[in-house]
Amino acid sequence: MQIEIERLSKTYGGNIQALKEIDLVIPSGMFGLLGPNGAGKTTLMRILAGILRPSAGTARVGMYDLKTNEGRLAVKRVLGYLPQELGVYPDLTAGEFLDYIGILKGMRNATARHARVHELLETVGLAEVATRPLKAFSGGMKRRIGIAQALLNDPQLLIVDEPTAGLDPEERIRFRNLLVTLAGDRSVLLSTHIVEDIAQTCPRLAVLSAGRVMFQGETRELLQAARGQVWTLDTTGPAPVGDLTVVSALNVGAGMRYRVVAQERPNAAAQQVEPNLEDGYVALMRRNGTAL
Amino acid sequence: MKTAHGFSGSFKYEFLMQLRRPALWLVILVTGLFVFGSTILPSPLEQGANPLHLVADKTSTVAFFLLATTGILLADRSPRDRALKTTELLKSFPTSLGARWWGKYLGVTLATAVPIALLCLATIGYYALLTRDMSLFALEPLVFAAIVLPGIFFIGAFSLVCTLALPTALYSILFIGYWVWGNLVPPRLMPTLNCTLLMPSGGYAESGFFGGGAVCDGSTVTATAAQAWESILLLLACAALAMLIGQFYLNWRTAKA
Numbered sequence: 001m002q003i004e005i006e007r008l009s010k011t012y013g014g015n016i017q018a019l020k021e022i023d024l025v026i027p028s029g030m031f032g033l034l035g036p037n038g039a040g041k042t043t044l045m046r047i048l049a050g051i052l053r054p055s056a057g058t059a060r061v062g063m064y065d066l067k068t069n070e071g072r073l074a075v076k077r078v079l080g081y082l083p084q085e086l087g088v089y090p091d092l093t094a095g096e097f098l099d100y101i102g103i104l105k106g107m108r109n110a111t112a113r114h115a116r117v118h119e120l121l122e123t124v125g126l127a128e129v130a131t132r133p134l135k136a137f138s139g140g141m142k143r144r145i146g147i148a149q150a151l152l153n154d155p156q157l158l159i160v161d162e163p164t165a166g167l168d169p170e171e172r173i174r175f176r177n178l179l180v181t182l183a184g185d186r187s188v189l190l191s192t193h194i195v196e197d198i199a200q201t202c203p204r205l206a207v208l209s210a211g212r213v214m215f216q217g218e219t220r221e222l223l224q225a226a227r228g229q230v231w232t233l234d235t236t237g238p239a240p241v242g243d244l245t246v247v248s249a250l251n252v253g254a255g256m257r258y259r260v261v262a263q264e265r266p267n268a269a270a271q272q273v274e275p276n277l278e279d280g281y282v283a284l285m286r287r288n289g290t291a292l
Numbered sequence: 001m002k003t004a005h006g007f008s009g010s011f012k013y014e015f016l017m018q019l020r021r022p023a024l025w026l027v028i029l030v031t032g033l034f035v036f037g038s039t040i041l042p043s044p045l046e047q048g049a050n051p052l053h054l055v056a057d058k059t060s061t062v063a064f065f066l067l068a069t070t071g072i073l074l075a076d077r078s079p080r081d082r083a084l085k086t087t088e089l090l091k092s093f094p095t096s097l098g099a100r101w102w103g104k105y106l107g108v109t110l111a112t113a114v115p116i117a118l119l120c121l122a123t124i125g126y127y128a129l130l131t132r133d134m135s136l137f138a139l140e141p142l143v144f145a146a147i148v149l150p151g152i153f154f155i156g157a158f159s160l161v162c163t164l165a166l167p168t169a170l171y172s173i174l175f176i177g178y179w180v181w182g183n184l185v186p187p188r189l190m191p192t193l194n195c196t197l198l199m200p201s202g203g204y205a206e207s208g209f210f211g212g213g214a215v216c217d218g219s220t221v222t223a224t225a226a227q228a229w230e231s232i233l234l235l236l237a238c239a240a241l242a243m244l245i246g247q248f249y250l251n252w253r254t255a256k257a
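Protein chains in written order, with our numbering: chain W, 1 to 292; chain P, 1 to 257.
Keep in mind the hints are simulated off the structure, nothing from the lab.
Yeah, the Cβ is synthetic: ideal placement off N, Cα and C, and Gly gets one too.
Do not take every clue at face value.
As the list claims (entries may be wrong) - Simulated DEER-style distance windows between Cβ atoms:
id, chain 1, residue 1, chain 2, residue 2, range
1, P, R253, W, V273, 30 to 40 angstroms
2, P, F248, W, L250, 40 to 50 angstroms
3, W, A127, P, R82, 26 to 36 angstroms
4, W, L73, P, G177, 40 to 50 angstroms
5, P, S8, W, A127, 18 to 28 angstroms
6, W, N69, P, S219, 47 to 57 angstroms
7, W, H114, P, L41, 18 to 28 angstroms
8, W, R77, P, P51, 26 to 36 angstroms
9, W, G106, P, W252, 23 to 33 angstroms
What the hints assert, rightly or not - Straight-line Cα separation of at most 25 angstroms, PhoX-like style, residue types lysine-lysine; simulated pairs:
id, chain 1, residue 1, chain 2, residue 2
10, P, K85, P, K256
11, P, K12, P, K256
12, W, K142, P, K256
13, W, K135, P, K91
14, P, K85, W, K142
15, P, K12, W, K20
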């Protein structure tokens, strides 16, 4: 299910432009969406989920036009959506909550719906607490309920916003693998601040900043953006300064080891290293003048 | 059929959530005990009273106070989805907003009616013991449906609709003011809904169907069965109209997004 977006804009309240004429093609399979806060990622995902209407331009999910009511309704029927801030009903048990969501998603066969709820509770490791009220759940457990509800209707389009926030490392890896397994002939749109999640799962991605698409293409191409610009330097003195961005700082014995992105070698002791996706993202943001 | 399915799901789970609310039971129980202690227990049993008249009179008395709490107990239901941050998720489902809206309305309103009905039943149970007439129980569902339910639907609709625009606390205060103005203030003092067909405490139904009648401005309401029907239909029509306005407002807000 391919998503095609052309000159898509979204303006709030008449003057706040969240998206500015973006063009984007999202093929089937896993696709990552990266960008700083306020880049327009959530607005884009809400439009693709049929929650918001575009102000201008077109957005098509498969054969459905998101500018029409019929198109939005058709997309909702094949959609699994996990918003960044997922609320639950504290008085319902996990099983009841998922059953309610299943009904609202149009799953009319009660036997099949109950079986699917049970299956997904097993998948996210919550089957044993299925009869416990959600008010007794931790943040991570609620996140897993959110993941389960998104998968209930076996969606053709899965949109997940920060899905691994609040999960422990083991759960995060399990969920990433689950997403990859689910992808295939369906589209999975993953928006996250955790670059590692995209590096591990998405062969293609787009980077948004200030409502515009800064980059779209293969993940390894973004990595190339930082080639020759990533350095490590060990020092016992102050942190490096100048036209560079410190990506990480590690305490090593008496001194510090900094990993920086800079066009020029920061000092004579700096060692050039292979870039990773985070370096590529930082280099792209530097190139586009977005301060980090 | 799809709309009906979404409606039934919303009805079922909104009903369950409201019914599981400890505040619902606590408020109704405390109010019920107050009414029982202050009104039911001190009033002597009228010997040879018509059973239907007795059930209607006592149900009406208990329900009058309990209905006053209904508006407050329903005031948080509309803003709740926003407060719990479930709105965005709900909007991503194919079930129409109308199906969810009406399902929520009927679910939460009927759930609120459950403890009120149980307290009315307990009151009738008390009189059944005093009069040794168990047939009073059989009359209670009919009396409750005619006198109390229309008022609950009326209040429920306005509580859901008004809190789309008003903060819950402000609405609760305004509702208490409305209840006093619309049910207790005599018409000779100022224009009021009291003593009119739009009186939600069920005085017209009580008088028209069961021969009793609420005291209104110093005298007893005397109504015909036709007027009782008129009152019930008017209350339900106002509730339906308010709900439609609420649905229109929600659709407009969604279309604007």
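Going down the list of hints, with the structure as the test:
no., hint, verdict
1, R253/P / V273/W: 30 to 40 angstroms, "52 angstroms, violated"
2, F248/P / L250/W: 40 to 50 angstroms, "60 angstroms, violated"
3, A127/W / R82/P: 26 to 36 angstroms, "31 angstroms, holds"
4, L73/W / G177/P: 40 to 50 angstroms, "42 angstroms, holds"
5, S8/P / A127/W: 18 to 28 angstroms, "26 angstroms, holds"
6, N69/W / S219/P: 47 to 57 angstroms, "56 angstroms, holds"
7, H114/W / L41/P: 18 to 28 angstroms, "48 angstroms, violated"
8, R77/W / P51/P: 26 to 36 angstroms, "55 angstroms, violated"
9, G106/W / W252/P: 23 to 33 angstroms, "25 angstroms, holds"
10, K85/P / K256/P, "19 angstroms, holds"
11, K12/P / K256/P, "30 angstroms, violated"
12, K142/W / K256/P, "30 angstroms, violated"
13, K135/W / K91/P, "22 angstroms, holds"
14, K85/P / K142/W, "13 angstroms, holds"
15, K12/P / K20/W, "43 angstroms, violated"
When each numbered hint is compared with the structure, violations occur for hints 1, 2, 7, 8, 11, 12, 15.
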